[in-house]
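A.B. asks: Here is how the chains run, residue by residue.
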Amino acid sequence: MHLLRLENLSVTYHSNNGDFPIIERLSLKMDMGEILGIVGESGSGKSILALAIMGLLSPKMSMRADYINLDGQDLMKMSHAQRAAYVASKAAIIFQEPQASLNPCYSVSSQLDETIILHQGGNNKLRKSRAINLLESVGVTQPETVLKMYPHQLSGGMNQRVAIAIALSCKPRLLIADEPTTALDVTIQSQIIDLLVDLSKAEDVGLMLITHDFALLSENTDRVGVIYSGQLMEHAATENILSCPHHPYTKALLDSIPQLGDRHIKGSRMFALEGNIPAIDQLPVGCRLGPRCPQAEKLCVKNQKLKTIENYGKVRCHVAIAHSPTQPKDKTS
Amino acid sequence: MINQPQFYRQPEIPGTFSRWVKSFNKNKLAVSALIVLLVIILIAIFAPWIAPYDPTAQFEELSSPPYWYDSGNSKYILGTDDLGRDLFSRLVYGARLSLKLATIVVLISATIGILLGCMTALTNIWIDNIILRLTDLILALPSLLLAIVIVALIGPGLPNAIYAVAIVLIPHFVLVSRNAIKHELNKDYVTATILDGANKSRLFTHSILPNILPSLIVQLTLAFSTAILEISALGFLGLGAQPPHPEWGTILSESYVYITIAPWTVTLPGLAIFFTLLSINLVGDGLRDAMDLEK
Amino acid sequence: MTKIILRQLIIMLLSLITLTIFTFSLTRFFPVDSSITGNANVDNAAHLFFHYFDYLKLIVSGDWGYSRINGSDVLKDFLLYFPATIELSFAALIISISIGLPLGVFAARHKNMWQDKLIVSTTLVGYSMPIFWWGMLLVLLFSLTLSLTPVASRIGFEYDILPVTGFMLIDTLISNKPYAVEAFFDALHHLILPAIVLGTIPLAIFTRVTRASMIEALSSDYIRTAKAKGLATSRIIWVHALRNAMIPIITIIGLQISVLITGTLITEIIFSWPGVGKWLLEAVYRRDLVTIHGGLLAIASTVIFINMLIEITTYLINPRLRLQK
Numbered sequence: 370m371h372l373l374r375l376e377n378l379s380v381t382y383h384s385n386n387g388d389f390p391i392i393e394r395l396s397l398k399m400d401m402g403e404i405l406g407i408v409g410e411s412g413s414g415k416s417i418l419a420l421a422i423m424g425l426l427s428p429k430m431s432m433r434a435d436y437i438n439l440d441g442q443d444l445m446k447m448s449h450a451q452r453a454a455y456v457a458s459k460a461a462i463i464f465q466e467p468q469a470s471l472n473p474c475y476s477v478s479s480q481l482d483e484t485i486i487l488h489q490g491g492n493n494k495l496r497k498s499r500a501i502n503l504l505e506s507v508g509v510t511q512p513e514t515v516l517k518m519y520p521h522q523l524s525g526g527m528n529q530r531v532a533i534a535i536a537l538s539c540k541p542r543l544l545i546a547d548e549p550t551t552a553l554d555v556t557i558q559s560q561i562i563d564l565l566v567d568l569s570k571a572e573d574v575g576l577m578l579i580t581h582d583f584a585l586l587s588e589n590t591d592r593v594g595v596i597y598s599g600q601l602m603e604h605a606a607t608e609n610i611l612s613c614p615h616h617p618y619t620k621a622l623l624d625s626i627p628q629l630g631d632r633h634i635k636g637s638r639m640f641a642l643e644g645n646i647p648a649i650d651q652l653p654v655g656c657r658l659g660p661r662c663p664q665a666e667k668l669c670v671k672n673q674k675l676k677t678i679e680n681y682g683k684v685r686c687h688v689a690i691a692h693s694p695t696q697p698k699d700k701t702s
Numbered sequence: 060m061i062n063q064p065q066f067y068r069q070p071e072i073p074g075t076f077s078r079w080v081k082s083f084n085k086n087k088l089a090v091s092a093l094i095v096l097l098v099i100i101l102i103a104i105f106a107p108w109i110a111p112y113d114p115t116a117q118f119e120e121l122s123s124p125p126y127w128y129d130s131g132n133s134k135y136i137l138g139t140d141d142l143g144r145d146l147f148s149r150l151v152y153g154a155r156l157s158l159k160l161a162t163i164v165v166l167i168s169a170t171i172g173i174l175l176g177c178m179t180a181l182t183n184i185w186i187d188n189i190i191l192r193l194t195d196l197i198l199a200l201p202s203l204l205l206a207i208v209i210v211a212l213i214g215p216g217l218p219n220a221i222y223a224v225a226i227v228l229i230p231h232f233v234l235v236s237r238n239a240i241k242h243e244l245n246k247d248y249v250t251a252t253i254l255d256g257a258n259k260s261r262l263f264t265h266s267i268l269p270n271i272l273p274s275l276i277v278q279l280t281l282a283f284s285t286a287i288l289e290i291s292a293l294g295f296l297g298l299g300a301q302p303p304h305p306e307w308g309t310i311l312s313e314s315y316v317y318i319t320i321a322p323w324t325v326t327l328p329g330l331a332i333f334f335t336l337l338s339i340n341l342v343g344d345g346l347r348d349a350m351d352l353e354k
Numbered sequence: 010m011t012k013i014i015l016r017q018l019i020i021m022l023l024s025l026i027t028l029t030i031f032t033f034s035l036t037r038f039f040p041v042d043s044s045i046t047g048n049a050n051v052d053n054a055a056h057l058f059f060h061y062f063d064y065l066k067l068i069v070s071g072d073w074g075y076s077r078i079n080g081s082d083v084l085k086d087f088l089l090y091f092p093a094t095i096e097l098s099f100a101a102l103i104i105s106i107s108i109g110l111p112l113g114v115f116a117a118r119h120k121n122m123w124q125d126k127l128i129v130s131t132t133l134v135g136y137s138m139p140i141f142w143w144g145m146l147l148v149l150l151f152s153l154t155l156s157l158t159p160v161a162s163r164i165g166f167e168y169d170i171l172p173v174t175g176f177m178l179i180d181t182l183i184s185n186k187p188y189a190v191e192a193f194f195d196a197l198h199h200l201i202l203p204a205i206v207l208g209t210i211p212l213a214i215f216t217r218v219t220r221a222s223m224i225e226a227l228s229s230d231y232i233r234t235a236k237a238k239g240l241a242t243s244r245i246i247w248v249h250a251l252r253n254a255m256i257p258i259i260t261i262i263g264l265q266i267s268v269l270i271t272g273t274l275i276t277e278i279i280f281s282w283p284g285v286g287k288w289l290l291e292a293v294y295r296r297d298l299v300t301i302h303g304g305l306l307a308i309a310s311t312v313i314f315i316n317m318l319i320e321i322t323t324y325l326i327n328p329r330l331r332l333q334k
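Residue numbers (the working numbering), protein chains in the order written: chain E, 370 to 702; chain U, 60 to 354; chain P, 10 to 334.
To be clear, the hints were calculated from the coordinates, so they are not data collected in a lab.
Any given hint could turn out to be false.
Lysine-lysine pairs mimicking BS3-like chemistry, simulated, CA-CA at most 25 angstroms apart [what the hints assert, rightly or not]:
1. Lys259/U <-> Lys120/P
2. Lys674/E <-> Lys635/E
3. Lys81/U <-> Lys120/P
4. Lys674/E <-> Lys398/E
5. Lys85/U <-> Lys429/E
6. Lys126/P <-> Lys429/E
7. Lys398/E <-> Lys667/E
8. Lys540/E <-> Lys446/E
9. Lys494/E <-> Lys540/E
10. Lys134/U <-> Lys429/E
11. Lys517/E <-> Lys126/P
12. Lys540/E <-> Lys398/E
13. Lys12/P <-> Lys134/U
14. Lys517/E <-> Lys497/E
15. Lys87/U <-> Lys429/E
16. Lys12/P <-> Lys85/U
17. Lys446/E <-> Lys429/E
18. Lys12/P <-> Lys87/U
19. Lys120/P <-> Lys429/E
20. Lys676/E <-> Lys620/E
21. Lys81/U <-> Lys126/P
22. Lys517/E <-> Lys540/E
Now the stretches of chain E that chain P is said to cover, found in silico as 3 or more residues with beta-carbon under 8 angstroms [what the hints assert, rightly or not]:
23. 405-419
24. 482-490
25. 519-526
26. 595-604
C-beta atoms are modelled at their ideal positions from N, C-alpha and C, and glycine is treated no differently.
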């Protein structure tokens, strides 16, 4: 049984200058309780993917998909209101800027309370004890004090814990964390990631961890999807990707992680991919990575298809597939 | 990128000014307002050739309605007022007068205001504090009230009304230019320019000025529309241009008594003020949007 | 809390002192009345300083001089005309807020759709309307053509109402005349058109500002969180977004006090409304400098006082200012 299955999800941005694809025919699967990492540069469309699943796209964007199956129900077959209610009861999301994602005009208790009313209910006293329990479960040591405070009075890490508590209050099956640690201090980052991973394992909650930092994913995730310019470039188990990355983009991402301690070779330089991610109105023909790819060749101007490599995963690059130790099957997806 | 094969499209990056023009042109409302404004300016410039009669000449047909009325007279397109003066000629000359006065007012207040604003932003904190207190106080007061008081003290009439409105507008320029400069001064690129060894005048002309220009341009259009409104308001209250002058506000105050007999002498001059203000405000709004300025 | 109020009181006091220095120097340049400026020939700066304190003493004790035209007490005159102006401004403020706020929220929710474009262009029209012409047009249409509303004054001649509070709507109700209720509705009838004229520009501004700050609030991260929580749309808009959008709106409401007073000057002339504006303009026409001085001082102090109230309100509704780290 899959927790989340989406097939051919496309998101289009409608601007005055025409329509542009932000995500193109993206398919993903997540098992119950699985931790899936989504990695890519800024602007690759990974946050949009999260918003599309949650139904939070801005009015300037529209989405299409064959189906989006969340915990057994197809979201695409629901009405707008049904979908909003269903998603809110099954999935929750936390965002990059913890301070900005909490309402500055209301105290922690009132922001936590309104979701408890919505999803759990209970009288005043019961709800308060639930709020305290939630805050304790996300590692807040003085929940009663924090309840009375406003977001601007709390630190970034504390705000993110509150945001996680609010997300957990609906008892979600799927928790999407969109760059949950990017805005935080390095020392706090691992605390928050550990908390998310522990919560996911303890409550069997599926966790989609979206980040641009491969280092965060390596230790924690079951599988990783690499997104570039709105396309899924590679999708495989974490240990496969770490041990033998196929796609040049994945290799570039892995090579750009600084090596410290014993693994650091003195005088060696970090790898950096040249250029920038293409603007949505300036997409290259063929492979999206083409203009930046160190292995680009003539055939790359043809559209690349996501192909399955047995015992590995899926890769969208004919060069990588041709050089893969195991030949691809003819099945495309 | 240079070693890469060049079969991929390269992005074009337009300059700042052409980006403004492009963005402004997309706003159809603002472009049409600009055309209307240009027409009004042309009418003002060529008033002596456009107006069929002298604005103060009196004819025998008193309170003759515009030509589209049954009793209208095609000799006077927009009719005549209670003294038999051709309304069309008066409005055309009124455009000339209003735009001329507003330009003078804006020139005076912008020059003094921007100079003071730069002074306060770039010199020591004491002058800054004193001027800021004063501008805060003046800005807290209703501008028309202040203009009226100034006119009451130095006496009604045209030159005095201009001084009054100009004085009232100065604090806006001081505050806008001061805040814009202070805002820019805190940015890292200014520090970088100073570290590069730029002297004060170069810092101002090359780094700060281009970046505060958008705020100043928007403030100029705003001040222009305020100036027209306040001059005509003073005219309406009998404190600005005095009766034989074809000033729009003055025309309105003269004809209010005859509102039941000759309503066109009330509606048409007001329409002239309204369209001028509307087109200036629309152009100002378009500029603000085009230059990406926050309020 | 008390600290903030105290701070605002001190700021108000400083503004009032700046104001009195300003008005005092006006009385020096334009000799108003020897009764409030003391001896006109000043020989040195120290004298000027003492003169200023004498002036301040007179102002604080309520001796604002006597009108040159009819010899009446200026401060008493101001207090006599002030309620009529407040009544008119307050009615205009209520009209503009009660229409502008919902309209702005509505426009923000339909951002860039035809409803929004219609509202935005209408507000631009309202914003560019010269108020004296707008007043005349409405008089021409509603009073002279349709005969729906009276042309001038606060109440019909047939009613004899004793001024107690100075507010006609209250005075009519508390009067023990048999026609008290009728008189109240007549006063309301007289109030409606001038209030609409006066409220038009603030209405346009409120709509624009509400729209702008609602759009900003609605596009913020916490609204995305609120949506993800599964809250009802009405709660997201009226509780989460509007609460934040109100902070800039309150500031703008404060700024509109100036616009309203400018507007009353003209509206009162058009509708022969016996308020401060009409009183002050008559003094201007007759160059009654004592009255002008008193009027400027009184109106400016009122504006400064209201600004202080607004500042305190913004402190109270904004937790980020109220509870600083």
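A.B. asks: Confirm or reject each hint.
C.D. replies: Against the structure, the hints come out as follows:
1. Lys259/U <-> Lys120/P: violated (44 angstroms)
2. Lys674/E <-> Lys635/E: Violated, at about 39 angstroms.
3. Lys81/U <-> Lys120/P: Holds - the C-alpha atoms of Lys120/P and Lys81/U are around 22 angstroms apart, at most 25 angstroms.
4. Lys674/E <-> Lys398/E: holds (18 angstroms)
5. Lys85/U <-> Lys429/E: holds (18 angstroms)
6. Lys126/P <-> Lys429/E: holds (17 angstroms)
7. Lys398/E <-> Lys667/E: violated (33 angstroms)
8. Lys540/E <-> Lys446/E: holds (23 angstroms)
9. Lys494/E <-> Lys540/E: At roughly 20 angstroms apart (the allowed maximum being 25 angstroms), Lys540/E and Lys494/E satisfy the hint.
10. Lys134/U <-> Lys429/E: Measuring from Cα to Cα gives roughly 56 angstroms; hence the hint is violated.
11. Lys517/E <-> Lys126/P: violated (42 angstroms)
12. Lys540/E <-> Lys398/E: holds (21 angstroms)
13. Lys12/P <-> Lys134/U: The hint is violated at about 72 angstroms.
14. Lys517/E <-> Lys497/E: holds (11 angstroms)
15. Lys87/U <-> Lys429/E: Satisfied, since the Cα-Cα distance of roughly 21 angstroms is no more than 25 angstroms.
16. Lys12/P <-> Lys85/U: Outside the cut-off at roughly 51 angstroms; violated.
17. Lys446/E <-> Lys429/E: holds (22 angstroms)
18. Lys12/P <-> Lys87/U: violated (51 angstroms)
19. Lys120/P <-> Lys429/E: holds (11 angstroms)
20. Lys676/E <-> Lys620/E: holds (18 angstroms)
21. Lys81/U <-> Lys126/P: holds (21 angstroms)
22. Lys517/E <-> Lys540/E: holds (23 angstroms)
23. 405-419: Coverage by chain P is violated for the region 405-419 of chain E (0 residues, Cβ < 8 angstroms).
24. 482-490: holds (count 4)
25. 519-526: That given contact holds, which follows from 3 residues of the region 519-526 of chain E lying within Cβ reach (below 8 angstroms) of chain P.
26. 595-604: Coverage by chain P is violated for the region 595-604 of chain E (0 residues, Cβ < 8 angstroms).
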